[in-house]
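Between the sequences and the hints, there should be enough to build the whole structure, so can you do that?
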Amino acid sequence: EDVDLIAKLGFNVYRFSISWSRIFPDGFGAEVNQEGIAYYNNLIDVLLEKGIQPSVTLYHWDLPQKLHETIGGWLSREIVNYFTHYAETCFSAFGDRVKQWITFNEPLQTAVNGYGTGTFAPGRCSDRSVSPAGDSLTEPYLVAHNELLAHAASVDVYRKKFQGKQGGVIGITVDAEGAEPFTLSTSTRYSL
Numbered sequence: 304e305d306v307d308l309i310a311k312l313g314f315n316v317y318r319f320s321i322s323w324s325r326i327f328p329d330g331f332g333a334e335v336n337q338e339g340i341a342y343y344n345n346l347i348d349v350l351l352e353k354g355i356q357p358s359v360t361l362y363h364w365d366l367p368q369k370l371h372e373t374i375g376g377w378l379s380r381e382i383v384n385y386f387t388h389y390a391e392t393c394f395s396a397f398g399d400r401v402k403q404w405i406t407f408n409e410p411l412q413t414a415v416n417g418y419g420t421g422t423f424a425p426g427r428c429s430d431r432s433v434s435p436a437g438d439s440l441t442e443p444y445l446v447a448h449n450e451l452l453a454h455a456a457s458v459d460v461y462r463k464k465f466q467g468k469q470g471g472v473i474g475i476t477v478d479a480e481g482a483e484p485f486t487l488s489t490s491t492r493y494s495l
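Under our numbering, the sequence shown has 357 at position 54, and the numbering climbs by one with no breaks.
Fair warning: there could be bad hints in the mix.
[Claimed, not checked] Okay, the calculated beta carbon distance ranges per label pair:
| id | residue 1 | residue 2 | range |
| --- | --- | --- | --- |
| 1 | V472 | I374 | 29 to 37 Å |
| 2 | N344 | V472 | 14 to 22 Å |
| 3 | S490 | A333 | 54 to 62 Å |
| 4 | W364 | G467 | 26 to 34 Å |
| 5 | D478 | L312 | 48 to 56 Å |
| 6 | D348 | A482 | 39 to 47 Å |
| 7 | E372 | V472 | 31 to 39 Å |
| 8 | D305 | A479 | 25 to 33 Å |
| 9 | S395 | V433 | 38 to 46 Å |
| 10 | Y444 | E483 | 21 to 29 Å |
| 11 | V433 | V349 | 37 to 45 Å |
| 12 | W364 | N384 | 14 to 22 Å |
[Said to hold, decoys possible] BS3-like mimics (lysine-lysine), calculated; alpha carbons at most 27 Å apart, straight line:
| id | residue 1 | residue 2 |
| --- | --- | --- |
| 13 | K468 | K353 |
| 14 | K402 | K311 |
| 15 | K468 | K369 |
| 16 | K402 | K369 |
| 17 | K369 | K311 |
| 18 | K402 | K353 |
If you are wondering where the hints come from, they were derived from the structure by calculation, not from laboratory data.
Where a beta carbon is used, it is the ideal one built from N, C-alpha and C, also for glycine.
This is the structure:
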């Protein structure tokens, strides 16, 4: 029904994210959830039947809980290998039909708001009135570093193992925050 509405509106691309825990419920990748694979296969096939190109985001802020609880989530360098395995599984399962891949949606938001301000999951920050744990001065940098390593490793796997056969493209979605000076004084402009 949703795909019919998308087609009726005349869109020819639909961007959606795959839930990591729907593919690997524990996050680690020991066992693929075939029902999750079937769900996304069906969605992709229906989109293509309607002339809509799927554009897939692999990570849109939904880390499997087990990875957070056992290794510390994005704070751990170990997560790079788990994410890369998840990405490779998606490339293998869906890449014959998906031609646009996005590894991460706005990694800055996960790093800063999840580990700096505590406003996004997992809600970590230095302010103990907001979170019982976290270090806003170091954790956002560790998280961003690990996200970028996971992005690079996944892009490398895609380009070496899949891109030649599947013919797709892969990238990352970034965001930026801007500000305008309250006044046009030189000191105000340079303070931004």
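### Task
State, for the Cβ atoms of V472 and I374, whether the hinted interval 29 to 37 Å holds or is violated.
holds (31 Å)
### Query
Is the straight-line distance between the alpha-carbon of K402 and that of K369 27 Å or less?
Violated, at roughly 30 Å.
### Range hint 39 to 47 Å (beta carbons of D348 and A482) holds or violated
holds (44 Å)
### Task
Compare the distance between the alpha carbons of K369 and K311 with 27 Å, and conclude whether the hinted pair is satisfied.
violated (39 Å)
### Query
Would you say the C-beta atoms of S490 and A333 sit inside 54 to 62 Å of each other?
holds (57 Å)
### Task
Could you grab the alpha-carbon distance between K468 and K353 and see if it respects the 27 Å cut-off?
At roughly 24 Å apart (the allowed maximum being 27 Å), K353 and K468 satisfy the hint.
### Task
Using the Cβ atoms, figure out if D478 sits within 48 to 56 Å of L312.
violated (25 Å)
### Query
Is the gap between the beta carbons of E372 and V472 within 31 to 39 Å?
Since the Cβ atoms of E372 and V472 sit about 34 Å apart, the hinted range of 31 to 39 Å holds.
#### Entry: Supplied distance hint 26 to 34 Å, evaluated on CB atoms of W364 and G467
Because 31 Å falls inside the window, the suggested range holds.
### Message
37 to 45 Å was suggested as the range; check whether the CB atoms of V433 and V349 agree with it.
### Response
holds (42 Å)
### Task
Given the hint of 14 to 22 Å, check if N344 and V472 actually sit that far apart at their C-beta atoms.
With a Cβ separation near 21 Å, N344 and V472 satisfy 14 to 22 Å, so the hint holds.
### Task
Verify the proposed pairing of K402 with K353, using a straight-line Cα cut of 27 Å.
Holds: K402 and K353 sit about 16 Å apart, inside 27 Å.
Hints 5, 15, 16, 17 from the earlier list are contradicted by this structure; the remaining hints agree with it.
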